[in-house]
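Input sequences plus hints: build the corresponding full structure.
Chains D and W, in that order, give the protein sequences. Under the numbering used here, the residues of the first sequence are numbered 1 to 111, in order. Under the numbering used here, the residues of the second sequence are numbered 1001 to 1115, in order.
Honestly, the hints are just simulated from the structure, not real lab data. All C-beta atoms in this analysis are idealised placements derived from N, C-alpha and C, irrespective of residue type, glycine included. It is possible that part of the hints are untrue.
As the list claims (entries may be wrong) - Distance ranges between label pairs, derived from CB positions:
| id | chain 1 | residue 1 | chain 2 | residue 2 | range |
| --- | --- | --- | --- | --- | --- |
| 1 | D | S39 | W | G1063 | 24 to 30 Å |
| 2 | D | A111 | W | S1080 | 45 to 51 Å |
| 3 | D | G16 | W | P1108 | 27 to 33 Å |
| 4 | D | N38 | W | G1040 | 15 to 21 Å |
| 5 | W | Q1017 | D | L61 | 41 to 47 Å |
| 6 | D | A82 | W | G1040 | 23 to 29 Å |
| 7 | W | M1019 | D | R60 | 37 to 43 Å |
| 8 | W | T1005 | D | D7 | 30 to 36 Å |
| 9 | D | G16 | W | G1016 | 50 to 56 Å |
| 10 | W | A1056 | D | T77 | 35 to 41 Å |
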Amino acid sequence: SQQGEEDPQALSIQEGENATMNCSYKTSINNLQWYRQNSGRGLVHLILIRSNEREKHSGRLRVTLDTSKKSSSLLITASRAADTASYFCAFFGSGTYKYIFGTGTRLKVLA
Amino acid sequence: NAGVTQTPKFRVLKTGQSMTLLCAQDMNHEYMYWYRQDPGMGLRLIHYSVGEGTTAKGEVPDGYNVSRLKKQNFLLGLESAAPSQTSVYFCASSYSLAEGYNEQFFGPGTRLTVL
Chain D
1 SQQGEEDPQA LSIQEGENAT MNCSYKTSIN NLQWYRQNSG RGLVHLILIR SNEREKHSGR
61 LRVTLDTSKK SSSLLITASR AADTASYFCA FFGSGTYKYI FGTGTRLKVL A
Chain W
1001 NAGVTQTPKF RVLKTGQSMT LLCAQDMNHE YMYWYRQDPG MGLRLIHYSV GEGTTAKGEV
1061 PDGYNVSRLK KQNFLLGLES AAPSQTSVYF CASSYSLAEG YNEQFFGPGT RLTVL
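What follows is the structure, encoded as structure tokens:
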């Protein structure tokens, strides 16, 4: 299976703390994307990092990519209650027209 | 600009019944996808389309059929619903595939229960 694995499966932190979630994959990729899903809603694109990039920032988000270890991490700094959601990594399956999604990390930020 | 819309939002079926889920997008996207989301399993691709009149199988296509007669619409059909098809279904679209450089835009989902 090409499915990505994410850890932790669930994470609970206090408002203001940083949240880190990790994604591992098995195939070769050209880029990796992160999505957020609020409860009962569709996924929303957060950030994309290309395979030749090691780190990327967008607001309070910081994404790293290590293609040698086939892993990526998403860091949310100074978390807010509104960041409570599930976060998914997604990548383009090698040699296919398919996006592969990770299993997701459920983040809960306590006010 | 409504983005990606899905109808219906909720549906309860009995085993053996059929139904069609409708996805519509107003962004002139070429590519459209149907996923199912089950607890602890992330999203799994059912079928996808790379343009009007084309469809292709994804990871879990059995028990589903699709059609893309118009560029803006992507229909997902269940011919004979089974309890294993109880899930949340998401439609998504993207401008192009381009090796995955384009983000996908998701609809709000359809929650389907098969009794």
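These are the hints, each one checked on the structure:
{"no.": "1", "hint": "D:S39 / W:G1063: 24 to 30 Å", "in the structure": "holds, 27 Å"}
{"no.": "2", "hint": "D:A111 / W:S1080: 45 to 51 Å", "in the structure": "holds, 47 Å"}
{"no.": "3", "hint": "D:G16 / W:P1108: 27 to 33 Å", "in the structure": "holds, 31 Å"}
{"no.": "4", "hint": "D:N38 / W:G1040: 15 to 21 Å", "in the structure": "holds, 18 Å"}
{"no.": "5", "hint": "W:Q1017 / D:L61: 41 to 47 Å", "in the structure": "holds, 43 Å"}
{"no.": "6", "hint": "D:A82 / W:G1040: 23 to 29 Å", "in the structure": "holds, 24 Å"}
{"no.": "7", "hint": "W:M1019 / D:R60: 37 to 43 Å", "in the structure": "holds, 41 Å"}
{"no.": "8", "hint": "W:T1005 / D:D7: 30 to 36 Å", "in the structure": "holds, 34 Å"}
{"no.": "9", "hint": "D:G16 / W:G1016: 50 to 56 Å", "in the structure": "holds, 53 Å"}
{"no.": "10", "hint": "W:A1056 / D:T77: 35 to 41 Å", "in the structure": "holds, 40 Å"}
Consistency note: the structure conflicts with none of the earlier hints.
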